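> Sequences are here, hints too, so could you generate the full structure?
Residue numbers for the sequence shown follow my numbering, beginning at 11 and rising by one.
Derived by calculation from the structure, the hints in this document are not laboratory data.
Treat each hint with caution, since some may be false.
[Unchecked claim] Straight-line Cα separation of at most 30 angstroms, DSSO-like style, residue types lysine-lysine; simulated pairs: (1) Lys213 <-> Lys446; (2) Lys587 <-> Lys486; (3) Lys587 <-> Lys406; (4) Lys304 <-> Lys728; (5) Lys376 <-> Lys406.
[To be verified] Quick list of simulated restraints, FRET-style, between CB atoms: (6) Tyr510 <-> Ala804: 51 to 61 angstroms; (7) Lys820 <-> Gly850: 48 to 58 angstroms; (8) Ser826 <-> Asp330: 41 to 51 angstroms; (9) Phe851 <-> Asp438: 30 to 40 angstroms; (10) Trp286 <-> Lys820: 27 to 37 angstroms; (11) Asn410 <-> Val232: 32 to 42 angstroms; (12) Phe851 <-> Ala591: 48 to 58 angstroms; (13) Val593 <-> Ile230: 30 to 40 angstroms.
Because the structure is a prediction, the values reported are computed rather than measured.
Virtual Cβ for every residue (Gly too), placed ideally from N, Cα, C.
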Amino acid sequence: MLQGINRRTRLLSGVAFGAAALMAVGSAQAQTVSTQNEQTTDVGDVVVTGIRRSIEASIAAKAANTSIVEVISAEDIGKLPDVSIAESLARLPGVTMQRLDGRSQQISIRGLGPDFTTALLNGRELVTTGDNRGVEFDQFPSELLNSVVVYKTPDAALVGQGLAGTVDLRTVRPLAYGRRAMVANYRHEWNDIGALNSGTTDKGDRYTLSYIDQFADGTIGVALGYAHMSSPYQSERFNAWGYPNYNDGNLLTGGVKPYVMSSELERDGYMGVLEWRPNDRIHSTIDAFYSKFKNTQVLRGIEFPLAWGGSAQSADGACDSVGNVATPNVCRPGPSLRPGYTVDNGMIVAGTWDNIKGVVRNDLNKRDSTITAIGWNTEFVANDDWTLGLDVNYSKVERNDIILETNAGTGRNINGALDTLGFQLTGDGVTRFTSKLNYADPTLIKITSPQGWGGDVIPGGQAGYMNTPTIEDEIKGARLTARRELHQSPFKSIDFGFNYSERNKSFVNDQYYLAVPGGGDLTIGSQFLLAPTDLGYLGISQVISYDALALVNSGALNKVRNPNADVAAGNWEVTEKVSTAYVRANIDHNLFGRALTGNVGMQFVYTEQSSSGFEAQQLSEGVAAVANVRGGVDYLEILPSSNFILEVSDDLFARFSVARTLARPRMDDMRASRNFSFNPGNNNSSATPEQNSPWGGGGGNPVLKPFIADVVDLSVEKYFANRKGYVSLAGFYKNLESYVYTYNRIFDFTGYPTGGVTPVINQGIISTPENGNGGWIKGLEFSVSAPFSILHPALEGFGGLFSASVTDSKVQPDPSHPPTTMPGLSETVLNGTLYYERYGFQSRVSARYRSDYLGEVAGFGNGRTLRSVGEETIVDAQIGYEFQSGPLQGLSILAQVNNLTDEPFKTFENGDERRTIDYQSYGRTYAVGLNYRF
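The following block contains the structure:
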């Protein structure tokens with residue numbers, strides 16, 4: 011297997027160790043000196059009490075690290091600078107964040123999406139609550155974390171490293187903290203656009219308790235923390251189906267699905283650390299983390315099929331027989347655009363639609379999840395030369411979702427009143443309507459299937475849909491380490507290690523149609539009715555509102571399991587067994603009179619991956635054949651890495667790094683499950699394998715190999731003002747050797763059932779993820795952090811941070827197709843913060859900008875959809891005061907506002923920002939709070 015190491019791996023290995031050899035020659039000509047900075051990333055022992063001290067601690071940790079990193083340090087115990095980890099991370103150079111329903115949740119590092127970033131908790135790989143590898147950072151209370159380190163370059167001892175970067179979340183170490191602390195925090199928050207849905211709230215609370223202490227003459231340390239959050243968030247949401255061409259060639263709206271959403275995120279987090287250091291030779295730590303997370307979203311609105319809306323009739327020709335006029339039980343004519351509409355630059359922007367059959371939606375998204383993580387680490391100093399270590403860890407996620415849709419309208423499919431809608435597109439791409447019908451009238455609007463959707467399974471159409479997926483993710487790991495001190499060598503020490511981890515993630519795909527018993531329309535019971543919901547932003551005054559989950563749980567609607575093949579093939583289980591051996595040589599030398607530190611090393615990563623699931627074939631409408639299927643692959647990757655830091659002059663450092671990195675594929679792409687279909691309608695002489703074949707299918711690929719990249723980084727950092735400030739310029743280049751993409755290939759379906767039909771051909775197209783060619787991604791990052799007192803003493807207490815990133819890429823997995831857009835990549839990212847802290851007063855205003863990018867959003871059935879997301883600038887502000895003497899000493903107060911400018915979230919299609927798909931307005935979130943340190 012070692013013969014399979016490719017030329018680029020050997021080249022990188024030669025570069026790393028060749029550079030080390032050159033360093034050794036230089037060191038032989040100069041006296042060896044000790045490094046000025048301890049090579050450690052542990053910032054838990056930095057005492058931080060405010061914004062400036064937090065910045066200083068972060069700068070110190072950045073300077074001391076042998077990798078290129080960014081660091082966030084807590085202002086105090088239980089007090090990170092922002093309300094969420096993702097918000098704090100998004101302020102770092104080269105890091106961006108995507109809002110989900112108004113919340114910061116997932117991050118991208120250096121233009122690579124969330125799936126390319128690995129998250130660690132105290133150095134150990136974490137399970138994820140999402141469907142794949144991307145960590146949802148809002149699961150982790152910021153109040154329970156002491157620091158966060160973002161590794162932009164790896165080293166050989168960093169197990170679980172990501173291709174884009176690695177985020178290490180760290181809890182406090184009580185012995186390093188060195189003193190007793192008890193802290194209580196409380197915040198009350200509210201949203202300025204109010205509770206948009208009946209039965210919801212726009213107010214929430216957060217509170218935290220933290221305790222740290224040391225016992226037995228400082229040999230035992232304990233840290234305990236509890237954080238509770240109940241956080242509401244609101245949004246006015248417009249969604250367009252798309253923009254087809256009208257018969258005159260102009261674009262127009264195909265349909266719309268606008269909502270108002272009211273959500274409440276509830277989270278309880280617990281953290282505990284027990285540390286024991288009886289002497290200088292033994293150090294043992296047990297840390298545990300538990301988070302219970304509940305997110306409830308209530309969505310109410312109305313769906314209008316427009317240009318893509320169809321007609322319905324009792325039999326072929328029925329509508330023609332009545333002159334295409336609405337007739338009960340006979341004909342529902344399709345939407346019709348009146349003449350006299352307004353066109354602007356090739357788009358129909360105003361007019362009137364007739365024959366509109368609206369679908370009133372009362373929906374619910376609910377997620378319950380728990381994260382459990384526990385680890386035990388012991389270090390033993392055997393003698394002056396050898397230090398041994400053992401680390402064992404376990405983490406698990408359990409997640410249950412309810413994605414509920416219910417439909418209501420004036421009647422079932424053919425029947426019911428039709429509406430006349432006036433419409434006009436606003437400057438932000440949102441369509442406003444005027445209507446004739448009262449959609450809040452419970453005698454007019456009933457639970458039914460207004461459009462007849464789902465009629466292939468439910469006669470007459472479905473009254474709703476219920477998706478209840480379940481995710482379990484589990485990681486078990488163990489690591490052995492050893493360090494050998496080299497007292498007279500060009501290397502000060504060598505680290506050896508072996509890590510074994512086993513990860514198992516499963517997805518259970520339960521989906522149900524909802525049906526009115528006996529068909530027909532269901533009058534909504536008074537016990538479920540709520541006050542109507544206002545859709546004034548849309549121009550629709552009110553729509554009927556009811557408790558959808560309570561209605562379904564009452565048994566008023568029948569649940570019919572979705573029998574289709576694609577649902578069965580949506581179940582999967584993926585297992586990864588990863589063995590990683592590494593060696594790292596740590597440098598601490600004098601190279602031609604200049605201090606040189608860093609490391610060179612190599613990882614040997616052997617992976618056994620497998621997946622089980624279902625092979626499902628669609629035999630006919632609502633009928634599928636299902637069989638078990640398995641698959642997998644083993645592979646070895648060798649990952650050399652090197653980091654060099656040269657102190658060019660006092661507090662001026664040049665950093666150079668070269669490494670080979672990997673990112674494992676998305677876990678749903680690795681699933682063995684797949685589905686196939688045979689369409690008798692295409693079983694004729696015109697069928698070819700490439701076009702019009704009766705055969706088709708798609709699914710996952712359990713033999714997918716990882717993304718591979720060779721990475722070069724160069725950074726120059728100048729520290730000043732006694733390391734209270736710095737300026738940095740960094741460049742990077744990632745050569746992507748391979749990239750996973752969706753590939754359509756010809757598959758031989760010989761032997762697959764056809765329902766008794768003799769196929770004219772046995773080949774057709776299936777769509778699966780494949781390893782394709784790669785490309786490159788490159789960028790420049792500039793950052794500066796400075797106290798303004800260096801400009802003038804009168805500016806003592808003032809300071810600022812600024813960063814700018816420019817990133818570009820070209821990735822072409824399939825040479826026969828144009829290059830693909832990298833998800834998560836914004837070409838331009840800007841961050842800025844101005845702050846003041848003195849005499850107990852604190853204030854801060856921050857802004858972050860990112861240009862257009864390709865983002866991942868929830869699509870049909872809550873599936874993954876990639877859409878173009880518009881540029882955005884988000885502004886947050888905070889002000890506070892800490893009492894520094896008197897009876898209130900230890901008490902601090904604060905006020906915050908997030909999304910100060912009410913920046914919307916917008917997606918669009920085909921690169922045309924006029925063609926808005928999503929437009930979401932979240933309002934501003936205000937918070938006031940108290941912090942007391944005993």
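> So, for every hint listed, does it hold in this structure?
Hint by hint, here is what the structure shows:
Between the alpha carbons of Lys213 and Lys446 the distance comes to roughly 35 angstroms, so the proposed pair goes past 30 angstroms and is violated. For the given pair, Lys587 sits about 10 angstroms from Lys486 by alpha-carbon distance, which is consistent with the 30 angstroms threshold. With a C-alpha separation of about 16 angstroms, the suggested pair Lys587 and Lys406 falls inside the 30 angstroms cut-off, and the hint holds. A C-alpha spacing of about 45 angstroms is found between Lys304 and Lys728, which places the hinted pair above 30 angstroms, so the restraint is violated.
Restraint check for Lys376 and Lys406: the C-alpha separation of about 20 angstroms stays at or below 30 angstroms, so the hint holds. As the Cβ distance of Tyr510 to Ala804 is approximately 59 angstroms, the hint placing it in 51 to 61 angstroms holds. The beta-carbon spacing between Lys820 and Gly850, approximately 52 angstroms, falls within the hinted interval of 48 to 58 angstroms. Taking 41 to 51 angstroms as the suggested C-beta distance range, the pair Ser826 and Asp330 conforms, at roughly 46 angstroms.
Separated by about 38 angstroms at the C-beta atoms, Phe851 and Asp438 satisfy the suggested range of 30 to 40 angstroms. Between Trp286 and Lys820, the C-beta spacing of about 53 angstroms breaks the proposed range 27 to 37 angstroms. Asn410 and Val232 have their C-beta atoms about 33 angstroms apart, which keeps the hinted 32 to 42 angstroms range intact. Between Phe851 and Ala591 the CB atoms are about 53 angstroms apart, so this pair conforms to the stated range of 48 to 58 angstroms.
Between Val593 and Ile230 the CB atoms are about 34 angstroms apart, so this pair conforms to the stated range of 30 to 40 angstroms.
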